[in-house]
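There are 4 protein chains.
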Amino acid sequence: MTHPQPASGIFEGGVHRFPVRVYFEDTDLSGIVYHANYLRYMERARSDMLMLAGIDQRRTFEAGEGVYALANLEIAYKRPAKLDDVLIVESRVSRVRAAATDIEQSIMRSDAEKRELVTRAVVTAALIAPDTNGVQRPVRQPADWRKTFTSLMEQAKGDHAV
Amino acid sequence: MTHPQPASGIFEGGVHRFPVRVYFEDTDLSGIVYHANYLRYMERARSDMLMLAGIDQRRTFEAGEGVYALANLEIAYKRPAKLDDVLIVESRVSRVRAAATDIEQSIMRSDAEKRELVTRAVVTAALIAPDTNGVQRPVRQPADWRKTFTSLMEQAKGDHAV
Amino acid sequence: MTHPQPASGIFEGGVHRFPVRVYFEDTDLSGIVYHANYLRYMERARSDMLMLAGIDQRRTFEAGEGVYALANLEIAYKRPAKLDDVLIVESRVSRVRAAATDIEQSIMRSDAEKRELVTRAVVTAALIAPDTNGVQRPVRQPADWRKTFTSLMEQAKGDHAV
Amino acid sequence: MTHPQPASGIFEGGVHRFPVRVYFEDTDLSGIVYHANYLRYMERARSDMLMLAGIDQRRTFEAGEGVYALANLEIAYKRPAKLDDVLIVESRVSRVRAAATDIEQSIMRSDAEKRELVTRAVVTAALIAPDTNGVQRPVRQPADWRKTFTSLMEQAKGDHAV
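Going down the list, the protein sequences come from chains A, B, C and D. Counting in our numbering, the first sequence runs from 7 upward without gaps. Counting in our numbering, the second sequence runs from 7 upward without gaps. Counting in our numbering, the third sequence runs from 7 upward without gaps. Counting in our numbering, the fourth sequence runs from 7 upward without gaps.
Honestly, the hints are just simulated from the structure, not real lab data. Be a bit skeptical, because a hint or two may be false.
No copy labels: a pair is met if it fits in one copy or bridges any two.
Pairs of lysine to aspartate or glutamate residues, derived as DMTMM-like cross-links and limited to a Cα-Cα distance of at most 25 angstroms, are as follows [what the hints assert, rightly or not]:
| no. | residue 1 | residue 2 |
| --- | --- | --- |
| 1 | K84 | D137 |
| 2 | K88 | E119 |
| 3 | K88 | E71 |
| 4 | K84 | E71 |
| 5 | K163 | E18 |
| 6 | K120 | D137 |
| 7 | K88 | E31 |
| 8 | K120 | E68 |
| 9 | K84 | D108 |
| 10 | K84 | E110 |
None of these values were measured; they are calculated from a predicted model.
Using the sequences plus the hints, can you model the full thing?
Written out as structure tokens, the structure is:
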């Protein structure tokens with residue numbers, strides 16, 4: 007028995023590229039992808055990006071050390087995506103701070119003939135963890151995570167493909 | 007047999023207030039509402055706001071006259087919402103153009119003691135309709151819709167409750 | 007400032023009736039409610055039913071005493087629901103066991119002229135809690151919960167409205 | 007620039023196997039996959055299965071020839087799935103009728119050491135299309151689709167791997 011694998015992204019020069027297919031669940035009655043669902047695609051891409059970069063969110067969460075939560079998001083909807091479309095979420099780290107990391111994400115639709123922008127977003131993700139009273143608070147990102155993000159950001163700066 | 011009614015919002019001085027309860031479906035493993043789901047709450051509030059303002063989206067869509075689609079969204083996540091929380095989505099029209107309307111939306115959690123901001127967003131909604139080739143394109147909003155939105159915006163300016 | 011309230015259900019003779027409105031998020035490109043979303047409506051109704059019956063799921067979960075999880079579900083899709091439809095989820099307890107409770111749920115669409123069945127389901131919900139190794143296991147429902155469910159079941163038997 | 011591809015399933019002796027990874031969006035506060043989301047996984051698998059079998063749902067829908075809708079679903083939840091789990095949806099056609107097809111679907115979690123059943127379902131999917139009044143009605147499946155499904159069912163009968 008062979009083992010088909012779920013979608014996985016790749017890094018190219020600091021830019022992470024992650025594939026998504028549009029299913030019925032993603033569309034609404036207007037025939038196109040429901041606007042909130044692009045945020046799900048972008049979160050899948052960020053999770054894959056972290057995994058490939060060696061950051062284990064599930065282990066960190068289960069150890070009580072925190073979970074990434076969005077602090078801010080700006081998104082521009084440029085072209086609609088439709089059922090069966092194959093999209094690529096392109097992500098690059100654009101800023102690294104003590105408790106938060108900014109990531110630019112573009113969702114592209116590309117085929118042999120053209121390459122089109124579907125949506126573009128900038129998200130700020132902050133690490134939050136329960137304090138001694140159980141209240142979720144922003145906490146400093148581990149030093150090695152900041153180092154990883156900074157390295158990805160430096161690599162992505164040299165890449166103008168996105 | 008009595009007929010319980012689904013949630014409905016109200017207008018107060020041009021500001022639309024719409025209630026939402028948080029269910030299991032809205033949360034993720036971090037124990038709080040998944041970030042994309044606030045966009046669903048805001049869309050429910052906008053749909054209710056349009057309905058109360060006399061704009062029938064279903065009829066307009068079924069008549070082939072278009073559907074609102076988001077062109078742009080900015081959202082700041084301030085405090086997490088949790089299971090069973092009762093939230094109020096407060097919406098006010100902030101700008102009216104030929105093909106698009108801007109709406110400011112704040113999600114508040116309030117009880118007897120305090121009133122807290124959960125998330126705040128500005129969304130730009132554009133009316134789109136299929137052109138003669140079936141491609142979705144922005145179209146002018148009907149004159150009476152623009153008039154309705156402008157009136158709501160004027161009323162909301164005088165209200166500093168949000 | 008008035009406080010609009012989220013939808014709340016009511017009990018009539020042991021039958022719980024909970025209202026839901028269909029929003030864009032619930033539909034798919036075929037123009038009707040996406041099949042998995044009826045399960046969300048039914049879960050909202052069960053959560054409301056438990057709340058009205060005095061069972062506090064959030065407190066129980068936060069106390070580490072468990073959470074309801076579905077063990078089994080059978081659902082028949084009879085008529086499609088559409089954008090803006092107002093639906094009523096009718097729920098009645100049909101069986102109570104040590105660790106699980108069966109609930110029959112029908113989603114109805116009704117207006118002045120007629121009353122139509124949209125979907126009908128039977129769900130088995132089991133209380134699960136982490137054991138000493140952190141593995142989720144079925145646990146006995148508290149005696150007062152079983153008593154509450156049994157009482158609702160007895161009341162519902164005498165009611166043939168559903 | 008390389009092109010990462012979205013997940014795709016494979017047929018082995020009439021059994022379709024499709025991979026899914028669990029993301030934050032799929033979980034709820036109990037830390038496991040929200041029950042309705044397994045239906046989304048199963049629908050993705052059926053869409054992929056149809057695509058691989060040469061049935062183009064998007065073209066059929068856009069041509070006004072119909073769309074598959076669930077008529078019935080039975081699902082047993084056996085073990086919870088968690089964040090980052092890699093799951094395989096195994097699907098096999100179990101019955102073919104004029105207007106509907108039954109598909110058995112099991113979601114498995116497997117690693118080097120063991121192979122566990124997460125959920126098992128039987129779904130009945132019916133082809134529906136708008137009649138001359140625009141009302142959705144069940145219609146006969148095209149003869150070549152029935153032939154394809156029958157062939158898959160015959161092949162799957164000889165395969166006891168699931």
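Contradicted hints - numbers only: none
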